[in-house]
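As they're listed, the protein sequences go chains A and B. The first sequence begins at 21 in our numbering and counts up one residue at a time. The second sequence begins at 7 in our numbering and counts up one residue at a time.
Among these hints, one or two may not hold up.
[Said to hold, decoys possible] Which chain B residues face chain A? A few, computed with CB under 8 Å, are given here:
#	residue
1	L68
2	G81
3	V85
4	P99
5	S103
6	G106
7	G113
[Unchecked claim] What the simulated footprint calls covered on chain A by chain B, stretch by stretch (three residues with Cβ under 8 Å from a Cβ of chain B suffice, anywhere in the stretch; the number is not a length):
#	stretch
8	49–57
9	99–106
10	121–131
11	137–146
In short, the hints are calculated from the structure, not lab data. We put the CB at the ideal spot given by N, CA and C, even for glycine.
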Amino acid sequence: MTSGPTQAPRPTPGRLKPYLAMVLAVLFVPAAEILLKRGAMATAVHHGTVAGLGLNVLTSSWTWLAIVCYIANFVCWLYALRHLPLYLAFSLLSSTHALVPIGCWWFLGESIHPLRWTGIAVVLLGVVVIAGPAMKAEQRL
Amino acid sequence: MTPSILALCLASQFCLVTGQLLTKHAMNATNLSPIPWPRVLMRLTLGIIVLTGWFFIWAGLLQKKDLSFVFPFEGISPVFIVLGASIFLKEKPTFKSWIGIALISLGIALVASS
Chain A
21 MTSGPTQAPR
31 PTPGRLKPYL
41 AMVLAVLFVP
51 AAEILLKRGA
61 MATAVHHGTV
71 AGLGLNVLTS
81 SWTWLAIVCY
91 IANFVCWLYA
101 LRHLPLYLAF
111 SLLSSTHALV
121 PIGCWWFLGE
131 SIHPLRWTGI
141 AVVLLGVVVI
151 AGPAMKAEQR
161 L
Chain B
7 MTPSILALCL
17 ASQFCLVTGQ
27 LLTKHAMNAT
37 NLSPIPWPRV
47 LMRLTLGIIV
57 LTGWFFIWAG
67 LLQKKDLSFV
77 FPFEGISPVF
87 IVLGASIFLK
97 EKPTFKSWIG
107 IALISLGIAL
117 VASS
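One chain only, chain A, in its complex shape:
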């Protein structure tokens, strides 16, 4: 996978816009996952191969709302990817590993063990370690 020889960085209007797109992309993930879980719970059956493939989730309107959130996430994600390296963007997206369990606890009533809260804090610390210097560097430009 190599890029062509005509690499010419395009001017980036508003340096923080990719980060705004990143924040929106991150927030759409817990929304989509919680809606999809609602859809999956509403359609869960315990036999049959179609259910095993997950196709019957499409019969729930929760699932379609989840798909709308996934699409919104994908559009924001594409915009962010255009300007940020994948390793940085995906690391920022990893904050969803903290936000999704919090969402599960808040909206779905799933329980969170104290060790899990510790893990959530460590994930967020990792995101700050990666995002902090990158955002400062962008702001200086």
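Start from chain A and add chain B according to the hints.
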């Protein structure tokens, strides 16, 4: 964690990472001048097809397990993504980024073990 759940988790990981690499590869091409649209759209379409595969595997997993149980297994994906981006897209993560990625993976491991 039965073998079939583990296999589904691994398949979903593979699709997620491959799909993201293809997507980034497509968006990198939009920074060329002039933009090679056929190349961009082909890579993007491939990426979307692979990510659609991820979506259905993931939905199948969610029908069997709690979201907070299976979500941590997506946790190893930052490591695979950074390795893939370094190898295939020639990105160069900084030392501090690796520390952050290690913290994220450790945090996700803690979440998974609870």
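For each hint, the structure was consulted:
no.: 1; hint: L68; result: holds (4 Å)
no.: 2; hint: G81; result: holds (6 Å)
no.: 3; hint: V85; result: violated (10 Å)
no.: 4; hint: P99; result: holds (5 Å)
no.: 5; hint: S103; result: holds (5 Å)
no.: 6; hint: G106; result: holds (3 Å)
no.: 7; hint: G113; result: holds (3 Å)
no.: 8; hint: 49–57; result: holds (count 4)
no.: 9; hint: 99–106; result: holds (count 4)
no.: 10; hint: 121–131; result: holds (count 5)
no.: 11; hint: 137–146; result: holds (count 9)
The structure does not agree with numbered hint 3 stated previously, though it agrees with all others.
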